[in-house]
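Asker: In case you want the letters, here they are:
Protein chains: 2
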Amino acid sequence: MADINSPVEIGVTTGPIRGSRKIHVGARTGSGVQVAMREIDLEGGEAPVRVYDTSGPYTDPNVAIDINSGLEAKRADWIRARSDVEEYDAREVKPEDNGQLGPDRSGGVPQFPNPVKRPLRAKAGHNVSQMHYARKGIITPEMEYVAERENLGRELAKDFVRDGEGWGAEIPDVITPEFVRSEVARGRAIIPNNINHPETEPMAIGRNFLVKINANIGNSAVASDVAQEVDKMVWATRWGADTIMDLSTGRNIHDTREWIIRNSAVPVGTVPIYQALEKVGGVAEDLTWDIFRDTLIEQAEQGVDYFTIHAGVRLAYVPMAAKRVTGIVSRGGSIMAKWCLAHHKESFLYEHFDDITEIMKAYDIAYSLGDGLRPGSIADANDEAQFSELYTLGELTHRAWEHDVQVMIEGPGHVPMHKIKENMEKQLEVCGEAPFYTLGPLVTDIAPGYDHITSGIGAAQIGWYGTAMLCYVTPKEHLGLPDRDDVKVGVVTYKLAAHAADLAKGHPAAQVRDDALSKARFEFRWRDQFNLSLDPETAEEFHDQTLPAEGAKTAHFCSMCGPRFCSMQISQEVRDFAAKQNESPESFLASEKLGADTAEASRQAAIKGMEEMSEKYKDMGQKLYLPEE
Amino acid sequence: MADINSPVEIGVTTGPIRGSRKIHVGARTGSGVQVAMREIDLEGGEAPVRVYDTSGPYTDPNVAIDINSGLEAKRADWIRARSDVEEYDAREVKPEDNGQLGPDRSGGVPQFPNPVKRPLRAKAGHNVSQMHYARKGIITPEMEYVAERENLGRELAKDFVRDGEGWGAEIPDVITPEFVRSEVARGRAIIPNNINHPETEPMAIGRNFLVKINANIGNSAVASDVAQEVDKMVWATRWGADTIMDLSTGRNIHDTREWIIRNSAVPVGTVPIYQALEKVGGVAEDLTWDIFRDTLIEQAEQGVDYFTIHAGVRLAYVPMAAKRVTGIVSRGGSIMAKWCLAHHKESFLYEHFDDITEIMKAYDIAYSLGDGLRPGSIADANDEAQFSELYTLGELTHRAWEHDVQVMIEGPGHVPMHKIKENMEKQLEVCGEAPFYTLGPLVTDIAPGYDHITSGIGAAQIGWYGTAMLCYVTPKEHLGLPDRDDVKVGVVTYKLAAHAADLAKGHPAAQVRDDALSKARFEFRWRDQFNLSLDPETAEEFHDQTLPAEGAKTAHFCSMCGPRFCSMQISQEVRDFAAKQNESPESFLASEKLGADTAEASRQAAIKGMEEMSEKYKDMGQKLYLPEE
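One line per chain: the protein sequences are A and B, in this order.
Read the first sequence against the UniProt record's numbering and you will find it ends at 629, with the numbers running on by one and no gaps.
Read the second sequence against the UniProt record's numbering and you will find it ends at 629, with the numbers running on by one and no gaps.
The set of hints was computed from the structure by calculation and includes no laboratory data.
Errors might be hidden in some of the hints.
[As the list claims (entries may be wrong)] Straight-line C-alpha distance at most 25 angstroms; calculated SDA-like pairs for lysine to any residue:
#1 A:Lys553 to A:Arg18
#2 A:Lys553 to B:Asp483
#3 B:Lys279 to B:Pro115
#4 B:Lys323 to A:Val161
#5 A:Lys74 to A:Gly11
#6 B:Lys421 to A:Gly506
#7 A:Lys158 to A:Val512
#8 A:Lys421 to B:Ser220
#9 A:Lys74 to A:Leu42
#10 A:Lys553 to B:Arg186
#11 A:Lys158 to A:Leu42
#12 B:Lys323 to A:Ser31
#13 B:Lys323 to A:Gly506
#14 B:Lys553 to A:Leu42
#15 A:Lys553 to B:Asp163
#16 A:Lys94 to A:Val325
#17 B:Lys345 to A:Gln569
#18 B:Lys421 to B:Lys123
#19 B:Lys123 to B:Asp84
#20 B:Lys323 to A:Pro48
#21 B:Lys94 to B:Gly125
#22 B:Lys421 to A:Val512
#23 B:Lys553 to B:Gly19
#24 B:Lys279 to B:His344
#25 B:Lys158 to A:Val325
#26 B:Lys158 to A:Asp383
Isolated chain A (complex conformation):
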């Protein structure tokens, strides 16, 4: 099979994001753990701003990227140092793993040049999950990494008055490795980290950490190829995706996944039932526990960090979906529903849940308990089918926790704004605060083509209420497969929604970046405004469409008011005026209490002070025409 060892041409985007540098910060524990971050340099003597960085080595000019050999296994030593793992011969790759009847790969995807031949698993009787270590009181390097990464900007914000409504979140002023450990131990956060995916930069998903986002990629039965998907993975993480889900269907699922995992610095999740279904030719009722189990091992050895398992779709709930406007919209959910109906048996995922858990703990794979009965429309939100499944997911969460296996819970979907909070409250209650991971939700169904926005509205809200990770939605949702641009728009939309949630929750450092950008805007530092934004290219491109000249980048005006009059300039004059007084602006005011009388009183006080200052102000010179460069 000639093509196996011939290098593949896969172009990905590398190099720093404009106006910023990759930096590595040593954990303050002195353990030597180095945490990757991004620092944005500012003009006008402003201190640089550090931001959370999911882009991996691809934005580090000092790292040579070779897609054909994959990323460096940074976590390998940490994993082996715990001496609770063993190498073994990997399961043999079968033709059906790639949806092929014969070994012929022609027309398919080339095999990754150096697949894992000797994967790791826990030694007999051991449990290698981060939750297991956490419960034994062990602080792992992964936990240290997370602590440093999440602390980002908190120093800058230390004099900051905290402000926000956390709805029960308990976000500390500073994140210590011990705090990370305790959150993981009690199941309120997870660190998805398959021991066979040592290329990852550890991250945490939990309501007391920054809100994370996931981007879905993957081949479909009707389109895309491996080069495109690897590029999408790199592209999505460049703009801020905290995890990636490979939702490939059709052929070449095994090889596509290998390419993605070996080159991904973020955790990778999958829905194993998709591949299992391909192995039985797409006939749901032909699925068996053995085929599914074999698929879990296959993916565990490749290094998948979390599995979506639809074990909550129980036989008894299936008929509830019959009453709906849009029935079952989850692909995994409908596969299991069909299996249950055809056999009139309880779901084999539910029946074999503890067997699945045994596999999870041998590789440290986290559960992402799937919401196979999530609503597919506003009309079906918060219905009996959805909540019945949620209660079962709560039961399964506690069963997984008995084995120290990490769990997060998937959530909707399509929910009008007034029903969003109920979803969060029920999930926290039923699932013991296990991290919630929602898809949107969309708050209306009338805007196909804009569902990144209809769902971004719901995502920001549910993130505020306590959802730990938001699964992005692209403009193509419900219509087609996202291309590169759609992926970027989806990621940026979800980053801003997640950030809005952090602000509203009162995350101590969240406002640092907003304030830096607002200050740059007020001072007409256009380049800083672009560089501090989530998408500098688009910001600059939009600016230049109206005022292309390079001079406009330093002009003290914008295209809204033009050079002859500018609100910002007036504000500066107001500020200068106040500063010229030997008293603070407050002294102009009789009182902080509001209301017309107070206004009248303060007005008197103000006029008194101002009359004296009248001449002084005139002396300041009220220049009105700003330099037109």
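The hints should help you fit chain B onto chain A, whose structure is shown.
Answerer: Same frame as chain A, but now just chain B:
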């Protein structure tokens, strides 16, 4: 001046929006009032869906559009029938009205061919405001029009269980003309309707009506021309703008406005201080009451329906802005702030408020009390300057109401999610439930280029809490001037946010369109899905990028799962299965109560029932491969 009477080439978009027809529904009062609506035809024997229509005659194939003569004056008879108005000679247009020193129009904007030479005003001692009639117990044709227009879809929804959280809104099951009258009488809604803008189709802005949106257009000192602005007005209303604000600055303000108003079927608002500033060469401190008053008359005669008046920017509040990260970002606010500081006097807008009110009631112009001290960044949200001004706006609202003049209140701006509700609650309390009209608010400042989304998140929330009209934000906000595409994206984004708010408030008819679209999606009626969406062109374009073939429009699958497996199909099988039983799906369930035990119980019940049906189901034939057309 040769060009005055030569017709101008202005291209605007006309013709029906795809898949829909313009219809006219007679008011059920039998008064003969005909209300324009849009009806979307569906396939598969589904009843057509009626939607609110702001597009005016431009989407009516039976109307010949001539931009050079303007729209038909549909309201003219209603206005004159009240016999409380008189014609008089219009104020002479002065060169400075268009920012010119001489009469030479070369290089400027051509004059509208037939400007209003004999405008109307209230006869001495009369008040022609809708509020005045309402308080006298008179139901005007305008109120009838609004009632019919807002009732839209309520019949379809009558068997609908109402559901939502209205935060104190009092939305009736059916809107009667009397309800409209009472809402206008108590100031909880306004119908912006200058008697010199008889081309409008009456609409209401109030918390107990559908949430409305405004689109800003207008020339700027650095760009655009009249043809472009008229086209933008038609384009924005085509996609759903309920009102338009002409924020033109620089030259040719008067003529640009005339072209826009004569061709606009929706209310037009302005910020008169912008034009007044141009008249004094941009020197804020040279503004006088006389110049401002003359500008109000000029615009009143042209037919402006609402004026943004920044009378709440009082001298005493100006220094409060000095403490801010972004000072004063409202252009009108900063103009008045500068005037106040330069003269050390109270704002002439505040001092002459009652004089302004006299003008408003003579033409039925509504106040849009401007928030000149709105926050320009997350850091400045809900601060002393903002709320001090709000309290003054409350005081002015009650003063305007003493003269039966309609009022709405402008709001922020930039507000993190946890501070949005406080804005709404304070406004309702201080301003006696006068309609709130907010710009966004943006919930974070870190995403320039995506501020239609950062603000759409805040807009959906504040609309849910009770804001009556949302001023759109385009992707170019803070960066440049919106082009045609930006206007469309801004309008559609705000339509979906306003609709999400209606759904959450529990508007009785809001969910009709969502359900129709969801049903079309479930049944793979692709064309219906496109036509029911806010932007059919974009929806279809996105679909075709993945599956271009015409066959795909009728295919019973989509590009996400492909033809071999489909969740929706499985759902249909589940439904058929349930239907085949001689019992309802409910009978599968032991109880409505949720929880693991119940699940177990219902599971037993289900298995029992299902075993009997096992054979029947198999007979149904479980076809899996769907036709690949």
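Asker: Each hint should be assessed against the structure and marked as holding or not.
Answerer: Here's how the hints hold up against the structure:
1. Pair hint lysine 553 (chain A) plus arginine 18 (chain A) holds up; C-alpha atoms about 15 angstroms apart against a cutoff of 25 angstroms.
2. This hinted pair checks out: lysine 553 (chain A) and aspartate 483 (chain B) have alpha carbons roughly 20 angstroms apart, not beyond 25 angstroms.
3. Of the supplied pair hints, the one linking lysine 279 (chain B) and proline 115 (chain B) holds, its CA atoms being roughly 21 angstroms apart against a limit of 25 angstroms.
4. Pair hint lysine 323 (chain B) plus valine 161 (chain A) holds up; C-alpha atoms about 16 angstroms apart against a cutoff of 25 angstroms.
5. Of the supplied pair hints, the one linking lysine 74 (chain A) and glycine 11 (chain A) holds, its CA atoms being roughly 23 angstroms apart against a limit of 25 angstroms.
6. About 16 angstroms separates the Cα atoms of lysine 421 (chain B) and glycine 506 (chain A), which keeps this hinted pair within 25 angstroms; it holds.
7. At most 25 angstroms may separate the alpha-carbon atoms for a hinted pair to count; lysine 158 (chain A) and valine 512 (chain A) meet this at roughly 10 angstroms.
8. At most 25 angstroms may separate the alpha-carbon atoms for a hinted pair to count; lysine 421 (chain A) and serine 220 (chain B) exceed this at roughly 43 angstroms.
9. At most 25 angstroms may separate the alpha-carbon atoms for a hinted pair to count; lysine 74 (chain A) and leucine 42 (chain A) exceed this at roughly 31 angstroms.
10. Only pairs whose Cα atoms come within 25 angstroms are accepted, and lysine 553 (chain A) paired with arginine 186 (chain B) is rejected, the gap being roughly 50 angstroms.
11. At roughly 21 angstroms between alpha-carbon atoms, lysine 158 (chain A) and leucine 42 (chain A) fall within 25 angstroms of each other, so this suggested pair holds.
12. Among the hinted pairs, lysine 323 (chain B) with serine 31 (chain A) is inconsistent with the structure: their alpha-carbon atoms are about 43 angstroms apart, more than 25 angstroms.
13. For the hint linking lysine 323 (chain B) to glycine 506 (chain A), the alpha-carbon distance of about 22 angstroms falls within 25 angstroms, and the restraint holds.
14. Between lysine 553 (chain B) and leucine 42 (chain A) the CA atoms are separated by roughly 51 angstroms; this puts the pair beyond 25 angstroms, and the hint is violated.
15. A hinted pair counts as satisfied when its Cα atoms are at most 25 angstroms apart, and lysine 553 (chain A) with aspartate 163 (chain B) does not qualify at roughly 50 angstroms.
16. Of the pairs offered as hints, the one joining lysine 94 (chain A) and valine 325 (chain A) is violated, with about 41 angstroms between alpha carbons and a cut-off of 25 angstroms exceeded.
17. A threshold of 25 angstroms between alpha carbons decides the hint, and for lysine 345 (chain B) with glutamine 569 (chain A) the separation of about 21 angstroms falls inside it, so the pair holds.
18. For the given pair, lysine 421 (chain B) sits about 43 angstroms from lysine 123 (chain B) by alpha-carbon distance, which is inconsistent with the 25 angstroms threshold.
19. Using a Cα cut-off of 25 angstroms, the hinted pair lysine 123 (chain B) and aspartate 84 (chain B) holds, with the two alpha carbons roughly 6 angstroms apart.
20. Proposed proximity of lysine 323 (chain B) and proline 48 (chain A) is supported: the alpha carbons are some 23 angstroms apart, at most 25 angstroms.
21. For the hint linking lysine 94 (chain B) to glycine 125 (chain B), the alpha-carbon distance of about 29 angstroms lies beyond 25 angstroms, and the restraint is violated.
22. At roughly 23 angstroms between alpha-carbon atoms, lysine 421 (chain B) and valine 512 (chain A) fall within 25 angstroms of each other, so this suggested pair holds.
23. Proximity of lysine 553 (chain B) to glycine 19 (chain B) is assessed by CA-CA distance (about 14 angstroms); at most 25 angstroms being required, the pair is judged to hold.
24. This hinted pair checks out: lysine 279 (chain B) and histidine 344 (chain B) have alpha carbons roughly 22 angstroms apart, not beyond 25 angstroms.
25. Distance check on the hinted pair: lysine 158 (chain B) and valine 325 (chain A) sit about 18 angstroms apart at the alpha-carbon level, within 25 angstroms; holds.
26. Restraint check: the Cα-Cα separation between lysine 158 (chain B) and aspartate 383 (chain A) comes to about 21 angstroms, which is no more than 25 angstroms; the hinted pair holds.
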